[in-house]
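Residue numbers (our numbering), protein chains in the order written: chain A, 1 to 337; chain B, 1 to 337; chain C, 1 to 621; chain D, 1 to 621.
These are computed hints drawn from the structure, not numbers from a lab.
Glycine residues also receive a C-beta, built at the ideal position from the N, C-alpha and C atoms.
Any given hint might turn out to be false.
[Stated by the list, open to error] Once the Cα atoms are required to be at most 30 Å apart in a straight line, the calculated BS3-like pairs of lysine-lysine come out as:
no., chain 1, residue 1, chain 2, residue 2
1, D, Lys-260, B, Lys-148
2, B, Lys-316, C, Lys-126
3, C, Lys-213, B, Lys-337
[Unchecked claim] Chain A is nowhere near these chain B residues, computed Cβ spacing over 10 Å in every case:
no., residue
4, Cys-23
5, Met-42
6, Lys-45
7, Asp-66
8, Arg-169
9, Pro-181
10, Gln-190
11, Lys-193
12, Lys-265
13, Arg-307
14, Glu-332
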Amino acid sequence: MGEVAIKKYTFKDFQSDQEVRWCPGCDDYVILRSMLKALPEMEVKKEDVVFISGIGCSSRFPYYVDSYGIHGIHGRAAAIASGVKLANPNLSVWVTTGDGDAMAIGGNHFIHVLRRNLDMNIVLFNNEIYGLTKGQFSPTSLLGQKTKSSPYGNIQPPFQPGELAIGARARFFARIGGNTPKEMTQLFVQAEKFKGTSLIEILQNCVIFNDGCYTKYTDKAVKDDQQLHVEHGEPMIFGKEKNKGLVLDGLSLKVVTIGEEGITKEDILIHDAKCENDVMHHMLIKLNYPLVTGIIRSVEEKTFEDRVFELAEEVKSNSKFRKVDDLFHSGEIYEVK
Amino acid sequence: MGEVAIKKYTFKDFQSDQEVRWCPGCDDYVILRSMLKALPEMEVKKEDVVFISGIGCSSRFPYYVDSYGIHGIHGRAAAIASGVKLANPNLSVWVTTGDGDAMAIGGNHFIHVLRRNLDMNIVLFNNEIYGLTKGQFSPTSLLGQKTKSSPYGNIQPPFQPGELAIGARARFFARIGGNTPKEMTQLFVQAEKFKGTSLIEILQNCVIFNDGCYTKYTDKAVKDDQQLHVEHGEPMIFGKEKNKGLVLDGLSLKVVTIGEEGITKEDILIHDAKCENDVMHHMLIKLNYPLVTGIIRSVEEKTFEDRVFELAEEVKSNSKFRKVDDLFHSGEIYEVK
Amino acid sequence: MISEKSKPSEKKVEQVNAVVIRFVGDSGDGMQLTGTQFTDTSAMFGNDVATFPNYPSEIRAPQGSLYGVSGFQVHIGSIEISTPGDDLDLLVAMNPAGLKTNLKAVKAGHTIIVDTDSFTKKNLQKAEYETNPLEDGSLDNYRVIEVAMTSLTREALKDLGLDNKSIVRSKNMFALGMVYWMYDRSMNHTLDFFAKKFKFKPIIAEANSKVIKAGYYYSETLELIPNSYSIAPSTMPKGTYRIINGNTATAWGFLAAAEKSGMELYLGSYPITPATDILHELVKHKHFGVKAFQAEDEIAGITSTIGAAFAGDLAITTTSGPGLALKGEAIGLAIMTELPIVIVNVQRGGPSTGLPTKTEQSDLLQAMYGRNGESPAIVIAASTPANCFDYAFIASKLAVEHMTPVILLTDGYIANGSEPWKIKSIDNMEEIKPRYIDENSDDLGPFDRDNDSLARNWAIPGTPGLEHRIGGLEKNKVTGNVSHDPLNHEIMTDVRAEKVKRVENYIPDLTTEFAEEGDLLVVGWGGTYGSLHSAVRALNEEGFKVGHVHFNYINPMPKNTADIFSKYKKIIVCELNKGQLSFILNGKYKQHDFLQYNKVQGLPFSVTDLKAKFKTLLKVN
Amino acid sequence: MISEKSKPSEKKVEQVNAVVIRFVGDSGDGMQLTGTQFTDTSAMFGNDVATFPNYPSEIRAPQGSLYGVSGFQVHIGSIEISTPGDDLDLLVAMNPAGLKTNLKAVKAGHTIIVDTDSFTKKNLQKAEYETNPLEDGSLDNYRVIEVAMTSLTREALKDLGLDNKSIVRSKNMFALGMVYWMYDRSMNHTLDFFAKKFKFKPIIAEANSKVIKAGYYYSETLELIPNSYSIAPSTMPKGTYRIINGNTATAWGFLAAAEKSGMELYLGSYPITPATDILHELVKHKHFGVKAFQAEDEIAGITSTIGAAFAGDLAITTTSGPGLALKGEAIGLAIMTELPIVIVNVQRGGPSTGLPTKTEQSDLLQAMYGRNGESPAIVIAASTPANCFDYAFIASKLAVEHMTPVILLTDGYIANGSEPWKIKSIDNMEEIKPRYIDENSDDLGPFDRDNDSLARNWAIPGTPGLEHRIGGLEKNKVTGNVSHDPLNHEIMTDVRAEKVKRVENYIPDLTTEFAEEGDLLVVGWGGTYGSLHSAVRALNEEGFKVGHVHFNYINPMPKNTADIFSKYKKIIVCELNKGQLSFILNGKYKQHDFLQYNKVQGLPFSVTDLKAKFKTLLKVN
Ligand SMILES: Cc1ncc(C[n+]2csc(CCOP(=O)(O)OP(=O)(O)O)c2C)c(N)n1
Ligand SMILES: Cc1ncc(C[n+]2csc(CCOP(=O)(O)OP(=O)(O)O)c2C)c(N)n1
Ligand code: SF4
Ligand code: SF4
Ligand SMILES: [Mg+2]
Ligand SMILES: [Mg+2]
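Isolated chain A (complex conformation) (with noise of 0.2 Å):
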């Protein structure tokens, strides 16, 4: 790719001609407009661009985007996609997958596809539901949620994406709200960047099954006293006043007020995405109160593809074979006369 200049686009080259047929209102439609935002923002040429999904609402992304796509089976995206990779490591690989695809059924490609950093991107669509199939519990639904396959109250206790990806050595994980379309936007061109496989968690509301699960965290009026939007390098501040911020208790973290008790702006915090230690990132991701938003992980590693190919260029440098024809007629052979 690189040097032949890459033509821009704009939104309109990467819409599809499908009609769009998630439930008014739903979040869906914002994760695709913040896409289709990005995709021209990234140094990617449109035929070189791939989405995958597995079954669901959040798995029909891929009909929506005009450029190469395959809607898979059930779970199966990441694995799908980790092909594609390996078949074609000059592609942006896209996978777009909802809690159930990604971690009930799909939950060991997932892991697995971490742990291997390909580089390629995970849209993680988390509305702690199966919508598609008309509402039963997920692996991230709340204990006590009550649901078509949970009547009297969910009582599965749910797996936190972040926390699972981090367990499954995950390289990059963002977390982001579903109702916010500019900082989704550019979590995603920041996705395309890193190198390995990046995780992009969207607290997404289900108007139909799940209602509000997010509203006390993604709702305007709390927003900025529940979630903090962390950035690489910066205090890690919150608050309508961004008066609070976090330090250090022990090995937790806890919510000051800056000007109260001698606290100072200096004894915040300072995010670092880039460390290799995730401590600090674990707790972050499971942190409730303020809900870390923005990329929490982004640690740079040889991808897996890279592994591949540079292992195989070496084996060729050494190998006296450059034709199946030297390798049928090496070792034993012999002559019928």
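On the provided structure of chain A, position chains B, C and D with the ligands as indicated by the hints.
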């Protein structure tokens, strides 16, 4: 169970009539002996013990214990065991599995059973190789490890079982060397006592396909200097001279020597396996020097089956349905005369 | 105000013996409720009924859009009703999109009721109408009744001070009122229904009843309305009934089997359309001790079910096509360990994700052969919404008495379709005797078998003295230990096959309906029963000698199958696939020729098309 | 010291045209190396050969144990050799356990060579011998040659100062030396082999050559030894050969297909016996740009393969029975998206985990029907170790030229068995033309099809202007967009079926071997070719009119299949399963009767048994 006094069993009571067929010198023999020693020490009736496995050398285990058992299909032991436990919560359910069985094909069931926290015990035979299929790399094989399927060295970065388990919200995690039967036996007894899913990672040496993979930690000569065996409530001290210990250094752990630079026993961190906050457990798991063994995390929480049966009781007490006939005649019914 | 003297009783009424009605409108228009009310009222009046809902495949499509149309079809009669019907006698269209997408189903010359208020420029556009069908003559072949339902509803409720949304939402009741009048039905059941349902919102109850009555009396006084029809009660067997759909009936059949056998019911399942409603139903019944476990995927669903079976529960798993594919390996484990589980597959359009919300019968060969090795399983199929209850019960009985997995096939058509079910009582159902053994079972072991059925015994954890291990490796016939012995493997392969084959000694003979012998035998299986039955009945009424056999037991097949085939000149096998049962029959009954009639459109058979096809075989037009 | 004059050349030699030899001993005794050396030497001498290894199913069983016996069988001849042989002319047993477990295979009156030093009390116990078979007369029906190999080896090496372990380990070379003498073979190839192999450990090389020679000359001077045999070179076509097993041949066939087509080879696989060696082979060949990805499970194996195919690679996945079951759902996706992938299934004993290290043909119906919906796939099968190369190549060609998944069936018997392969050169192989299109392909789109094959075009990511989406939902035939249209679904269902059926126009006719018509036709498929061929050849040599057809193409079948069937009085279908191909043939070719001969013991057919069976059908004994 409880009230009926349980007959005292011996090693022999749990030994099956099947000839053990692991390779001579395999650590699996140590694990088997330790288990046969541990079982009589537990407060369980022989007929209430169930061993469940997938496929692998490690998964042959159930044949060698004279209890109920299922040698299942590859990767599904944890799921099979969940059904057994839900069908009869009085049973003492054990899963014996390998690094491939549990973390490759079985990865999804592995993380989900930990999340749900059923009261069962998972013994993970981690030999960092696929033994039964004669030596391919596994999800815990090290980078660069040469195996039949990685003749030029493995290029897939490994999982750390404990790290993944914590990410999946494990409540009990312990690690033990495959050559320390005494500690192992005690671990099994303690795991059985723990209410919830207990995961025990055994550093199991495969003499044929990955011999010596743990020697630098487990070899008698270096063991005391390289391993820290933690006990809840005890200072984290190790070393032949019992003079090395762990202290906190920012968000990392540091090894110090008691007596040097004014360090006294009092400065050494006390191990708290029962603390809900898993940050320290996470750090201990990831430590390479020393390698931490023993019960690293042990925090009880309501088990999944308790949630299931308590909810059932509650629903029953609020329901007018006693027999299905009541249900059939409820709601809109009508007579044809 | 409606004066006392103009009572329905006074109106002139035409007798008909069956009608097909479809209510269509926006997802938000409450068509399902409207249809259900009409169905219940008719059923309680004594008609035989069959219904089929038609939801949009989108969760919540935009208002007025073509793909957002929701429909409910009901077929009622004084005669036996076995399908929701093909063509419509009456279409009630609450908006243009509903009219457009359903018009072709209406019989020429028959009635269409439309809410004219909804035929706005905007809605016409959304329905992709260039011109207004009410004006451009495109409906000339139909009897169109134009009613400004929305305004009339508003009018009827003006004094109640309801918000506009609630007002508009109850216009479906105006339509229902009209249909009640047209078909000479009493409003009482629906009035009671609202009174009960909105006990604590009396105003809503009142609003609904006002609107129904408004619709009812409006029809009565309306000029354009044709004379009304009445459908006499049908001659169904006496008894207590309820309307039930196939998925609910399936769930209840398992509840019954559990209570009858004294076992605890375990369900391990992962949601998938159209099977999920079985899970939804069973999670409700914790009061019966049902353990309904929503697993992380289909594989955990079935393998946890195998674990539950090992521990002694009545263990089932439910899924649809793609899910069955994922369960194949584990079904093999259940076959090898000889553990009793039931796998329910609610078939849908395939292959792959296919047409998830549509019906099809294309998983038969997968059910028969979709796993590695020689791995025979019992395969049975339900054939109507109500008999899903019976076959769920039978599947459970066969599994625990023969100690082998049973695959129960239903499909989206009968799973979502409804019909009257004569309520059964547990006491009158067959016994179920699980093969449990314990320390007192005069030294029988888990690997000893019944001489007739070849089923092994079931020793469950917690039973002292019967500790044993089972697994997926081949086992020695006598000791149950792992065995690589060549002859033992051949013997065990035969035992597993013979055990399934001998189930033929425990199942009923195949029965022919209509002509016991003759020119043509119509063969079907599973959910197509209603359509084939109706078509064959019609032909017999026209004097043709046509018989109908329908397979509920597919592996093994009833012993008298060949005899029946030999009684007819021609045999045609009708399936909603490309000929999967035909393929099996061709292989098994070579002496017979099997003609085929197949349809793979995600839709049930049309009775009309079936009759036409059969007539060509009977050399008549 | 051996005197110069007593040269092998002087001994009296009996001519035979084929012999079957089996070397057995402990896993540690190096039987595989011994067998391979004898095989290579014989092949280079010009004999036709076939071999089969027999490893213990345990990784490393205890020394001397019955289940720890490792064996290597080789069949060599001056005539055509098509199986590793049934009964043994010579058994070389390095220990009691080996003798016990292999004795029944030895032809009465034939030769057994034993290492008497290993018949210790301890070893006899481990082999569960109450009395010493060398003394209790139980070997009276055989010609037993007792040699103290261990001591003789020690003697031969006494001056080299080797450690005892190394000395004992080379006793297998003593046996090899004896066998070389008995069969009049030169030691040179093996001597060269050791010289090369231990270039940097000359002492080991010397030790081995000393011991071989010791064994060789010992035989010559030995009293008890019978006269020796010689097998003349066979009349194989001229050319360059190598000995190859089925798994290697399979892997190489894909390498050839990739180079010939100019595509990159992608393998997504998860280890499973007996398929894993294909992965082991392909991971070596990174120099050819092979991307061999060991996935987390079978599902990731195949779905990553589908992704690689979408992106334009020659994409394959390899597995065995239980793994194929797990891949069923994804195969449906490949069928629906019409992406070219090859699925290799190396069959093993089933059901479930079954007999993982044994051979069987019981996955045929799974390959045909093991997924949801109407989902036809191309199914082909290799029939000998060497032609695994050809069918891997053909599978690749069919996949990328017809744009649909191809299932290639092999089995544990041909996968691990070896035979000579006349090395092919890429230049002489058929062209492979993937259906790639790009912006210059005069406005062809990814959903346009070839009129003859109905294969769609292949537009891969990175190609400007051809961006498109595919998936598991039904697609519109023209636009490729998701479609719920009923008729379109029926049309696409037919297109997918017809596309596979038309492959019959691109595959060779079925060819009969031996009698072109006659009393009996023997029908087989896949890995049983060698056994059936040998049996039928033998019968024809005895003057019977028996033909043999063997299916490599199973779906679709060759067009001339019916014609061939009609040329024989009787047809018998022989399979290592309970009749899976028979079932298909019965359904497809109703006018013919198919007798069956089946065996499900984890073992190949015995040629002797086959001949006996066929003779009963020919009414002869
Ligand atoms: C093999 C298989 N199992 C189950 C299903 C049914 N199914 C489709 S989507 C889905 C879950 C959707 O939830 P999520 O992934 O969170 O996506 P959302 O709809 O919430 O965006 C399920 C269970 C399927 N299509 N295929
Ligand atoms: C479905 C399926 N896939 C693959 C296999 C082959 N297989 C058996 S065991 C195994 C891995 C064993 O490794 P591990 O779980 O670490 O156990 P170990 O032998 O090392 O104790 C594999 C790949 C199988 N039996 N079934
Ligand atoms: S169901 Fe929920 S997630 Fe799906 S489209 Fe509708 S609102 Fe969005
Ligand atoms: S292969 Fe390795 S793990 Fe398996 S039994 Fe042998 S030594 Fe143990
Ligand atoms: Mg979701
Ligand atoms: Mg292992």
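Hints the structure fails to honour = 2, 8 and 13
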